[in-house]
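Participant: The primary structure of each chain is shown beneath.
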Amino acid sequence: MARLTESNVKIAREIIGRYPRPKSATIPLLHLAQEQDGYVTNEAMSHIADLVGCTAAEVLGTCTFYEMFKMEPVGKYVINICGTMSCALLGAHELMHHAEQQLGIRAGSTTPDGLITLEHAECQAACTEAPCLQVNYRYRFRVTTEGIDQLIDDLRGAKLTEEIPPHGTVARVRQHIPVNVGVGAVDPDTVSTAPAWLAVKEEAK
Amino acid sequence: MTATESPATEEPTEPVDPNEVKVTINGHDVSARKGELIIAAAERTGTYIPRFCYHERMSSVGMCRMCLCEVDTGRGPALTPTCMFPVAPGMVINTESPVAKAAQAGIIELLLANHPLDCPVCDKGGECPLQDQAVSHGPGESRFVEEKRHYEKPIPISDLVFLDRERCILCDRCTRFADEVAGDPLISFTHRGNETQVLTFPNEPFVSYFSGNTVQICPVGALTASPYRFKARPWDLEEAHSTCTTCAVGCQTVVQSSRDELLRYQGYDSEAVNWGWLCDRGRFNFEAPNSDQRLGTPAVKSADGTGLVEASWSEAITKAAALIKTALDTDGPTGIGIIGGARGSNEDAYAWARFARTVLHTDNVDAQLLDGLSPAVLTLPRATINDAAAATTVVLLCGDLKEELPVLFLRLRDAADKRGVKVLEFTPKSTGMTKYSWRSVNYLSGGQARIVRDTIAQADVAEQLAKGPVVIVAGTANLAESDQFQIDALAALLDAAPTATVLPAFRRGNVVGALQLGLTPATDGMHTDDILTAAAEGRLALLILLGADPLSDFPDTTLATRAFAGARSIIAIDTFVNHSSQHADVVLAAAGYGEKRGYTTNIEGRVVPLAQKVTAHGTSRPDWMIAGDLARALGAQWSLDSVDAITDAIATNVAAYAGATREALAEATDGVLAVPESSSALETSGAEVPMSSGYNFKLVVGRKLYDQAISTQLSHSLAGLTPGAKLHLHSLDLDRLGGPGAPLKVTSKTASVVLTSVADDGVPRGAAWVEFNQSNINIAALLDAASPATDVRVETVS
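Residue numbers (our numbering), protein chains in the order written: chain A, 1 to 205; chain B, 1 to 798.
The set of hints was computed from the structure by calculation and includes no laboratory data. Do not take every clue at face value.
Cut-off 30 Å, straight-line C-alpha distance, at most; resulting in silico cross-link-like pairs (DSBU-like, lysine-lysine) [stated by the list, open to error]:
{"no.": "1", "chain 1": "B", "residue 1": "34", "chain 2": "B", "residue 2": "319"}
{"no.": "2", "chain 1": "A", "residue 1": "10", "chain 2": "B", "residue 2": "435"}
{"no.": "3", "chain 1": "B", "residue 1": "418", "chain 2": "B", "residue 2": "704"}
{"no.": "4", "chain 1": "A", "residue 1": "70", "chain 2": "B", "residue 2": "153"}
Can you build the whole structure from these sequences, using the hints too?
Facilitator: Written out as C-alpha cells, the structure is:
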C-alpha cells in the first residue's frame, strides 16, 4: 500500500539521527510504519531499507521476527486474550470462546467490518489480575463475559477512541528530543566509560 | 621477513614459538596455532569434527551445534561448540567421548526431526554432509513420529537458484555468504523459532553475481541450481581439477562430467586465488560447450559464396593453406594479420605465436581487441592477488571489477571490508567497489592523469600511499577512449609510489598468457586496430581470427564491418559460428573448454592447469594442433606435436616461464608464477584532454558481467540475465533532458542511437555511461577506434 508519508520520513530521519548506525533504527521505523498504516506494508519495508541503508530482505527478517509487527491488515482494535496459566485457570478459554461467539469470528481473524481482530496471547505479565486481555496492548483486568460484551459494544460505539488509539500507535505523544539536548549519535569506536549524556549535560551548563 | 636476532640462550633448548598452543585432542598432544578454532586445529591435525554451519572462509556462528565436543579447560570437561572457541594452552579436547557422541547424535536426531529425508529425489544425495554425518555421527534411528513441518517445495529465489525450505537446517551458510562474502544480503532468516525460514523479500529475488556459491556450500539439498537440477547423481560424476577461463582471474575449479558431457563446475579452494568462490557466469557457462550450435566439423565458403558448408579437415586445411600461400605470394608476410588467441591455453597461444613468426613470418598478431591496456603493463613489477589483499593501499585504476573480474572483486572487498586495506579508486563511474573504498574519485574521460596527480598531491592521500605496500590494479575503464589515458594515469601513480606493484585487470580468459607468450606485436607489427584499418583499406590479404569476434567485440563496429568487407580472405578458428566467423572463407572447428589439456596464465602470471574432461565436440581440434596442421600443409618444419612438447618448449624458450616446467607445475598447489622481467618505465604521451566541440557529454562505455558474449548467450540459464543497454546520466543532467525513463538520442560523430535514460548519480556530471555489447543496442557503432575519446550529443527525441 504505502511507503512512509513525507511527514513520517521527517520523523524517520530524526529517529535515525539518534543512532550511531542508521540500521539500528530499523525497529523504531517499523513501529512508525505500523502506526501509519495499522500494519507494516511491503512498500514501507522497502522504504525503511532505503532509509537505513540495508536490503529489504534484512528489514523483512527483523520485522517477521516480532509477532507484534503485523504483515497483513488487522482491525482497528486488536484484542489479545491471555491464555497462559493463571488466566487459563480463571476461565480465559471460556472468555475466548465467548468472544468468538459474540464477534462471529475465530481467534486469529478480523471482523468483516475491519474493526476488531481477535487473537490468542501468551502471558501478558498480569497474572495477579487474571484473566486479562489487551486491546491494542492496553490492559483490561479480571475480565468477565459481560466485560467482553461491554468492551465490544464500546468499541463498536466508538466510546473508547479517547482511551485506545488505533492499532499501531505506540503512544499519542511522540518523543521528541531537540538536537541541542539529545546526546546524538556516539561513534561506537570512541565510547568512554562515562555515560554519553553526562558530557552533553555538562556542556549545557 | 627473516628473523633478525634471537635472544642469546645458554643451552640449546627448543625455541619457543609464541604462536604455538599445545592442546590435547583425543589423548594426543597436538600443536595448534594461536587463535585457531578448536574445530580447525583438530581438522588440520587429522581429527574431523562433524559440522554443518562452520565454513573456514566465513565467520563462525555456532548455529547448528553439530560440532559439540567435550572440552576441558581446567574446570572439568564441558560440551563446547568447537567452531566458536579458539584453542587455549592445556586444553583437553575429546571429540569422541560418550558424552560428545551422545550430543552429536542428539543434534542429528533434532535436525532430522523436520528434514523430509527425500534423499532419493534430492540432488545433494550422495554428496550431502547431512546424509554423510547422519550415518557417521547420528543415532541411527529417530524417535520423532509426528508429522513433519511442510513448506511449498522448491521456490525459485532467483533465476538460477531454487530453495527447498523443508530440507533447510538453518545453518546460516547461504545468508552469511550473501552478507559477508558477496555483500548482497538479499536472503535473510525470517520469522522465528519453529517457523524460521530463509526467504528473499517479495519480488526482490536473490540477484547476486555470486549466488551459485550458496548452492555449493549448502550442507543439505535446500539450495539447488537450475542449470544442474536433476542432471546427474554425484556418484556418476567424474571430475578433474581445472581453471575457469571465463575471465582472467584464474579461479580454480573442479570440472565435473557424466557420460562425456560437462555438467557442473565447482569452486576449488585455492588460498592464492579464489578461496573456493566462483561467479555465476563462470560457474554456469558449462552449458555453452554443450550447445547444439557448437561447430563440430570445419566449414568452407560454399561455391556460390552465400554461406558455409561442412568440409573435411583435409579439404579445409588445404584450402586454408592455399589462402595463406596466396596471401604470402601477393602481399608478403605483412599482408597477414592474426587477431585473438586469448581464449585458448598457453600451449595454443605459444603454438600460434610460433606459427605466425616462423611460418608466416608476420608480426601482425594481437590477442587484444583494443579493449585492454598496452602489454607494457605486464612488464611492470607484478602483484599477486594475495599481495593486493595484504597491501596497505590498493589503488584501482580499472573498470568495475565486480562486472569484469568478479572473484577479484570478492577478494578485494574482503580486504577492504575486513582487513583494513584502504582502497583508493579512480573511476569514470561508481563501481561495485565504491562502497568499500576509502576514497573514490570520479573523472571525465581523458582527465584521469590530471585527477590522479591532483589527488595524490593531497596530504592525506600522500600519507596513506607512504604508509606501506601499494598495489595498483590497472585496466581499461572505458571502451570509448584510448588506453593511453589510463597509461598516463598509471605512470603518474607509479611516479608517486615507485615501489608499488601492479595487478593488471586484463579481462579475457588467457589474455595474459597470450600476450606473454607472443601474441602481441614484438617489433613493428600491427595491433588489432591497425590490422582492421589495413583490411578496411584493402591492404590486408588475409585475416586470421583465433577465436575472436571483432564484429561483436571490437569497440568500433564501423571499422570492423569495413575490415570484413575489405579483407581479401578470412580464416577463422572457432568453437562456434559467430557474427565474425560466418564471413570466413574457411572455419576450422576448435576444441572448447574442458575438451583440451594445457595450462593458462591468470592476471598474476600464475600458470594453472586446464583439464580435458570430455571428448572434443565432433572432429574439432585444439588450436595448437591446427597451427601444426597448417604449418605442415605449408611445407614448414614443425615440432610442437603434443601438449607436453609445447609446455616444455615454453619453459625452455620463454624466459618468464622458465620456472613453469611440467615437473614444477605438477607439484605446485597454487600454480607457478610466470612474470616477465621488469622493464623500463611506461611510455607516456602527456596527451591533453581533447576539447569537446559542440558535443556535450563524454561517453563512457563499460562492461557488465552478462553481455552478448557467446559463452553467456549459449548458456540458456544465463542468456536472459543481460541487463540491456541504457543511458546512465547524473540526475541533474537528466533533469534538463526531461527526467528518467525518457528515450534520448545519443549522437557521436559516427552514428546515433536512441536509448532509454536512467538517473544514476554514480555517473559524474557531463558523462554518459552505457553498457557494452548488449542485445538491444550496438553501442560500439558510436565508437571510433582512431579518436582518443568519444564525445556525444544527447538530446530528447521529438
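Participant: Compare the structure with each hint and give your call.
Facilitator: Right, here's what the structure says about each hint:
{"no.": "1", "hint": "34(B) x 319(B)", "result": "violated, 68 Å"}
{"no.": "2", "hint": "10(A) x 435(B)", "result": "holds, 26 Å"}
{"no.": "3", "hint": "418(B) x 704(B)", "result": "holds, 26 Å"}
{"no.": "4", "hint": "70(A) x 153(B)", "result": "holds, 26 Å"}
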